[in-house]
Amino acid sequence: MLSKERMKSAMMLRAPDRVPVMCQLAIGHYFLHAGMTATDIWYRSESFSGALVKMQQRYHFDGILVNLPGREPDYESYIQRIEQTDGESTLTWKNGNYTAFPIDDLPHYYQADGARYFPTFDELDPEKLFYVEPWDLTDITYPYTWGFETEPRPFDDFFPDYHFETIRKVLATAGDDVSVHSEIFSPWSQFLELLNYENALMAIFDDPGKVRACLERLTQGAIDLAIKQASLGVDAVLISSAFAGAGFISTQHYREFVLPYEKKIISEVRKQCAIPVYTHTCGSIGDRLNLMVETGTNGIDTLDPPPIGTVDLEEAKQHLQGKTFIKGNIDPVNTLLYGSLDDIRKDVAWRIEIGKQDGGYILSTACSVAPSTPPENIELLHELVEEFGRY
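The sequence shown lines up with residues 1 to 391 when you count with my numbering.
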């Protein structure tokens, strides 16, 4: 069975020939192990797409998640200078602002005075919102502009064509064998990224009505992006909803500020596209799996186990069987980063045995593979699904 067929079978809640394996790698892992400069990976669509395919092939993953947007081809025309210190880079732009590149972590865009820009909640006009892409060249802007553009784009032509270039390149180079997934940010994640986390969380108490109006607008942009991605030929769309676990909001607030908007996205995408839509929520989600199912999601990604989360795989498997596929549950820190090969073998073999029952399981780390995780630890996952994951 080809990887794409294997992934499709699992996402359709069936049993393929074996358990598929597909992990999301931290951006810093690509910086350290893809054999390319961090700036090239971050700023060039062809470099990031190449890194995605290279690491998928190295680790024998059955799928690829394209989790950065395509980049403006002439970004270099905005650079004033590049400085290197101890392997880290700083790009100073012609507008005086700069981007700091750690050697193994996400870069961030700063104002000339060293501050990061976020609008205030009072400034926001919901009618001026459509979609927020926190990994754009200049991070957060409001009203939202792409890269160094000075004017917002009309909502009926909001996403520049280059935004989809990485997806196109991965689809062209990965081959028909591999399952390729795209990513959109949930309205709730967009809202938290837009205001910065503390201010966004305070807003739901200060003016919940205005928050809901903002989320409605951001839902429309997320639907538009997901449908455009699906039209390119991806095999699934992932809703990144990282800030919807118990570490951020209660189940009551989840029901009010997350569930209805993700449900609308999934419903609208399904009306037009015959591909799975699934949800990434990390951290403590053991108390809201039923609410996640209410969104209509095809699958739940991460399922962080204790101590980094609250999901017991056996309980989750019983609760979600026949409702959604599940992906994850390997502790990326205590098991994959710090564990010995023998520790990983024992831990992962147990999870495969539980997860594979009656199909619908994709082996993965609970959240992103840490930047400094030894490659041989990740390579072991494919060996383990071959040994223990056969149906």
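What the hints contain is simulated information worked out from the structure, not anything from laboratory work. Take these hints with a grain of salt, some might be off.
[What the hints assert, rightly or not] Okay, the calculated beta carbon distance ranges per label pair: (1) E88 <-> T150: 28 to 38 Å; (2) T85 <-> N334: 30 to 40 Å; (3) K228 <-> D74: 15 to 25 Å; (4) A115 <-> N334: 27 to 37 Å; (5) D156 <-> E88: 18 to 28 Å; (6) T150 <-> G322: 19 to 29 Å; (7) E387 <-> R116: 17 to 27 Å; (8) R14 <-> E315: 14 to 24 Å; (9) D342 <-> Q84: 35 to 45 Å.
Quick caveat: nothing in here was measured; it's all calculated off a predicted structure. Note that beta-carbon positions come from the ideal geometry of N, C-alpha and C, so glycine has one too.
Please flag the earlier hints that this structure goes against, numbers listed from lowest up. 5, 6 and 7
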